[in-house]
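K.L.:
From first to last, the protein sequence lines are chains A and B. For what it's worth, the working numbering labels the leading residue of the first sequence as 1, then goes sequentially. For what it's worth, the working numbering labels the leading residue of the second sequence as 1, then goes sequentially.
Calculated from the structure, these hints are not laboratory results. Quantities reported herein were computed from a predicted structural model and do not represent experimental measurements. Beta carbons are placed, not taken as given, at the ideal position from N, Cα and C, and that holds for glycine. Just so you know, not all the hints are guaranteed correct.
Claimed, not checked - Label pairs and their computed distance ranges (CB to CB):
1. Gly102(B) <-> Lys669(A): 35 to 41 Å
2. Val125(B) <-> Lys596(A): 54 to 60 Å
3. Gln166(B) <-> Asn22(A): 41 to 47 Å
4. Gln166(B) <-> Asp653(A): 35 to 41 Å
5. Tyr42(B) <-> Gln13(A): 32 to 38 Å
6. Val125(B) <-> Gln442(A): 52 to 58 Å
7. Ala98(B) <-> Ala748(A): 41 to 47 Å
8. Pro153(B) <-> Asp653(A): 36 to 42 Å
9. Val67(B) <-> Leu307(A): 54 to 60 Å
10. Pro4(B) <-> Leu307(A): 47 to 53 Å
As the list claims (entries may be wrong) - Covered stretches of chain B, as calculated for chain A (at least 3 residues, CB under 8 Å):
11. 26–37
12. 40–49
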Amino acid sequence: MATTPVDARAIIQAFGPHRSANTRGDTAVEPDRLVKTHCCFCGQQCGIQLKVRGNEVIGFEPWEDFPFNRGMLCPKGVKRYLQGSHPDRLVTALQRDPTVAAGFRPMAYADAIAQTARRIAQLQQQHGNDAIAVLGGASLTTEKTYLLGKFARVCLRTPYIDYNGRLCMVSAGAANKKAFGIDRTTNPWSDMVGCEVIWVAGSNVAECSPITTNYIWQARELGAKVIVQDPRITPIARTCDLYLPVRPGRDAALFAGVLGVMIERGWIDREFIDSHTVGFEQVAEYCKTWPLQRTAQVTGVPEQSLLQAAELWGTARSSFLFHARGIEHHSNGVQNALGTINLVLASGRIGKPKSGYGTIVGQANGQGGREHGQKCDQLPGWRDISNPEHRRHIAEVWKIDERALPGPGVDAYELFRKIDAGQIKGLVSICFNPIVSLPDNQFVARALGKLEFYAAIDFFLNDTAHHADVVLPGSLHEEDEGTVTQVEGRVIRIRKAVEPPGDARADWRIVQDLARALDRPHGFTFGSPREIFEELRVASRGGVADYSGITYEKVDEQMGVFWPCYSHDPATGAPTPDHAGTPRLFEHGSYNPVAKGKGPFYFPDGKARFNVADYRPPVDDVDAEYPICLTTGRVVSQFLSGTQTRRIGPLIDQYPEPRLELHPRLAQKLGIADGDWAVCETRRGAITVRALVVATIRPDTVFVPYHWPGEKSANKLTVAAQDPISKIPQYKVCACRVRRAGAPPAWANQLEPQQ
Amino acid sequence: MAVPQHLEFFVDPGRCIGCQACVQACTECDTHRGHAMIHLEYIDRAASTQTVPVVCMHCEQPTCAEVCPADAIKRSGDGVVQSARKPRCIACGNCVVACPFGVPELYIDRAIMMKCDMCYDRTSVGKKPMCATVCPSQALFFGTREQAMVLRPQSMPTNKFRFGRQTITTRVNVMVPRSEAVPATVDVTASLQDRPHQRDARRPAHDLTDPFAAVEV
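Based on the provided sequences and hints, a complete structural model is requested.
P.N.:
Shown next, in the form of structure tokens:
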């Protein structure tokens, strides 16, 4: 039974989100110790010191020695510590119980593990191993993501595992794989200071990766021109040199048009293209179909601005191009990302100290979490689960018969379709709140209701866990140790500051307890995250994401290690215990185990691939009935589905509830004033939120941030269209209509802002 | 214990992204009981995302102290204008009205004025102020003048501000675009009457004109 036991409001009343008990720590209280670790939120992974007294995190102190952020933090980082000692913290396991007011009652941890194992075993006996699915997340440490992938394949023997990076990193990952044969940002961020041009495509840098702002603007201080492509004039766009106000969902057309001009004017690096790439001619042919006039018409960007972009980008001597979810969250997301890569390859500016390319990862471990096997088609070391050689290597490390290793599963959304179709009967989830974060989430809620058994591991009762039969109390970021790989590809240490409270456990222990209770403990007897990491090193050896030379000690000594980092020289096989890692990819003359010296890129011929980046209009495009583009995104004080940030009082106060941003001209046409309640309706559903009338958004587009659940959820509106290659959902555009609401929504006086 | 003379505060509103990391970090401090002493405002959110952070400018001749009838506001030898002294402050609000930068605030419940003291607990022991430490865009920068000049070649620090006939010199600097149009002393009151003109060569046209003019609704 995975329907909600009682009314959602009753569950919220008992389990929150409530505001944190405090709004700040008491700086008059001296901490026992400072623990150097990182923020638990986004992919920047800022270094931070947590103040600890007894078994409580009581505050923070900037960590100015950590090289990436040198003490800088965003408001989430400043207030992150308030998630500890929170009244909503789960300190026992919970059992669904419709007879109690809260819908859940506490249960003994051992009973929760036993019941979960019993139900999984029953369902697998009745319906086969693949009746159980696992959902993971990219905010977990790399050790946990590795263990989770192994747990699904080796213990549960199901192909069905996927993770919330499906909502985040996969378009960039797929494009990088197609173009470079490796999936990582090419340079450390410090490299961008001193370059001539920075192109930011679809990234609200100031709100979603605030620390990156300082790097971009430091580059600008030294003379770099900044191009920003976004339907909104975000803070990073406000002072840029060239603003490209692209219409949502038209990015691939923009890249083709601009590259077309560059080719026509000779603003390309012919020598680099000839010696280091393949596929340019087909791309050049395709770009001919995007003359400026057509490009301008489709993208909504003036011809003059497109020309300027081509000239700025085409004639620069050094450059960086960054993109993020703005171009990736599309049913054409991989093509959009490939479009940017084509611009980079045509310029020849990659693999150099002041020139690079990268996606700005969203989640804490957006990079590491996509490398070691919690993705449905992947094995550790960025290996392919369909590749016989890769399977053999991993089966050997895991000491199992290769034939026992399941094949590829399906993406997270398809997994819900399989639940809806009755093929998947049971689910174990951790670090994923799909009822808030997946598009068309009313479908997700219906699908969850069909599960015969659902066990959720979390530290707070997240919105999806309302559907759970059993909730296992997991660990907060500061209650466990491990590694993550941040935005630059730098592997860093997450240090434990406090013990999990009550019955709560480190997540990896919970997974191993389940394996033991299922009587399948083989391979799940690790004594610490460090032991998991040691096995991961071996498993990743020889893969593209090679961590074999990384040790916890090396991470400490170097303040992070950029992968690949080899335990043995890939060319000679000689041990390389001092290999420092690879801060910069694709450098001239560099050796990699795929190209074996033939070139800097990770293909057998050592060459990068141009790919025709075809423009397709968005699914659910505007029409007479739904004439406005809806786009979604984040605000600086909230993070993802808000499980943590909607519980931290000062962050709630900074941006309490979702608002619908619209341009004054559109507002005037619709008769909506700033602060009015407005109904935003799509083919999936409608929500009523307050209007924010601002001239910083395209007049044909509205924006709603997505961090809230239920009747405030932007993902009630979004469309479940997915990219055919990456399976990323098209969050960044769908058709909607907007009107002034006759009355406030029912929730306005029933729910607190964060609920 | 004093704030070293070679360390200065530089505010660059052009870099501010409005994230409120400074405000949130300021509320952490016990010396002002969790109230943020930094002000962060949108200039005009309907038109732009431009925000401006305002810390105490720490004037050489602090107007707040000059108008204080109770002599509750002291400027220490290192140039930091301290928050009101509890035993002396009579919560009259003279300083609040008189400060040309709008910095002091009256806390009626505690019957005291509180304002930014440049994190004296931190800066007097060699640390940076909390806001300037965390600011992710470094709109708030604390360091030496030499560092500031290297990091901000496109702007120059100014610490002279004219309000009508009053000229104020401050310990805190504001970064202004390096162009001939910028006088040695920024005439603040004139800016209040005129519409701001484009002094910043870096400021793109879309800040002043509508980049969406051609978009149909």
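K.L.:
Take the hints in turn and mark each one as holding or not.
P.N.:
Hints, verified against the model:
1. Gly102(B) <-> Lys669(A): 35 to 41 Å: Cβ of Gly102(B) to Cβ of Lys669(A): about 38 Å, so the range 35 to 41 Å holds.
2. Val125(B) <-> Lys596(A): 54 to 60 Å: holds, 56 Å
3. Gln166(B) <-> Asn22(A): 41 to 47 Å: Hint holds: Cβ distance 42 Å, inside 41 to 47 Å.
4. Gln166(B) <-> Asp653(A): 35 to 41 Å: holds, 36 Å
5. Tyr42(B) <-> Gln13(A): 32 to 38 Å: holds, 35 Å
6. Val125(B) <-> Gln442(A): 52 to 58 Å: holds, 56 Å
7. Ala98(B) <-> Ala748(A): 41 to 47 Å: Holds, since Ala98(B) and Ala748(A) (Cβ atoms, about 42 Å apart) stay within the stated range.
8. Pro153(B) <-> Asp653(A): 36 to 42 Å: Check passed, 38 Å falls within 36 to 42 Å.
9. Val67(B) <-> Leu307(A): 54 to 60 Å: holds, 57 Å
10. Pro4(B) <-> Leu307(A): 47 to 53 Å: Since Pro4(B) and Leu307(A) have Cβ atoms about 51 Å apart, the given range 47 to 53 Å holds.
11. 26–37: holds (count 6)
12. 40–49: It holds: at least three residues are needed, and the region 40–49 of chain B offers 5 whose Cβ sits within less than 8 Å of chain A.
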